[in-house]
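With the hints as your guide, set chain Y onto chain L.
Which chain is which? The protein sequence lines are L and Y, in order.
One rule links them: number in this note's numbering = place in the first sequence (from 1) + 320.
One rule links them: number in this note's numbering = place in the second sequence (from 1) + 320.
Keep in mind that the hints are not guaranteed to be accurate.
Here are some of the chain L residues that sit facing chain Y, going by a computed Cβ distance under 7 Å [to be verified]:
1) Val342
2) Lys361
3) Gly379
4) Tyr386
5) Asn388
6) Glu389
7) His424
8) Val429
9) Val430
Everything labelled a hint here was simulated from the structure, so no lab data went into it.
For glycine and all other residues, C-beta sits at the position ideal for the given N, C-alpha and C.
2 protein chains.
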Amino acid sequence: MEEASRPKEKTMEEAKGFVRRVLLFKFKAETAPDHIEQLIKDHSNLVNLVESLKSWHMGKDVSVKYSNEGFTHVIELTFESTEGIAAYMGHPAHLEMHERIWPHLEKIVVIDYKPTLCN
Amino acid sequence: MEEASRPKEKTMEEAKGFVRRVLLFKFKAETAPDHIEQLIKDHSNLVNLVESLKSWHMGKDVSVKYSNEGFTHVIELTFESTEGIAAYMGHPAHLEMHERIWPHLEKIVVIDYKPTLCN
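Bound conformation, chain L alone (with noise of 0.2 Å):
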């Protein structure tokens, strides 16, 4: 069928064996909105700091069900390997990045993988 034969995407990250890491964050209801942009906006100078940080991307939740369990944004990490999330776990500037928004979280979710096209 048509559908079948067309060209689909093919990213950087599948050709390279990248790792990602997704972070889900859910703000706690007291922390202001333009402070939550600006931690936001200071995560994503991480890219800048952390060698192994490879790209950063963010996006507000925009689901049109419910079944995002309440979480609001969504950052995207992408490492060339699983060595790069533990040297940038372990860079001061993550480190210091995680003090500062940690107590904003009500709940989040950290989960490290390998996009591929199938198990």
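Same frame as chain L, but now just chain Y:
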């Protein structure tokens, strides 16, 4: 500094304003591993059946810290627009897959967002 000036990856999604859906799955303990593998494989085939679904990637949890809240599988779907997500949601192939996977899930998070470089 050196880190700040080196080129970073720029994805097709970013350039084209794609919308991403991330699904986090935790399967029930009683679902056999080979059944899980089959469900994931069958889910991957949606990229061949649903026109608005532009890419499909999956990864099993490889987290080294324990903020993954028990989720074991991440599926990343990419669409050109939120309308594309709506079309996917209503597509018979998706609806059938949903019915097959849902009974095996202990928990799930689904969140849609438009990946950007910052707020």
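Now the hints, each set against the structure:
1. At a threshold of 7 Å, the smallest CB-CB gap from Val342/L to chain Y is about 6 Å, leaving the interface hint in force.
2. At about 6 Å, the closest approach between the beta carbon of Lys361/L and any beta carbon in chain Y falls short of 7 Å, and the interface hint on this residue holds.
3. For the restraint placing Gly379/L at the interface with chain Y, the shortest Cβ-Cβ distance is roughly 3 Å, inside the 7 Å limit, so the hint holds.
4. Violation of the interface hint for Tyr386/L is found here, the shortest Cβ-Cβ separation to chain Y being roughly 9 Å, above the 7 Å cut-off.
5. Of the supplied interface hints, the one on Asn388/L holds, with its beta-carbon coming within about 5 Å of a beta-carbon of chain Y, less than 7 Å.
6. Evaluation of the Glu389/L hint against chain Y yields a held restraint, the C-beta minimum of about 5 Å falling below 7 Å.
7. Against a cut-off of 7 Å between C-beta atoms, the interface hint on His424/L is violated, since the closest Cβ of chain Y lies about 15 Å away.
8. Interface restraint check: Val429/L against chain Y, minimum CB-CB distance 5 Å, threshold 7 Å, status holds.
9. This hint holds: Val430/L has a C-beta 4 Å from the nearest C-beta of chain Y, less than the 7 Å allowed.
Violated hints, listed in ascending order, are 4 and 7; each of the other numbered hints is respected by the structure.
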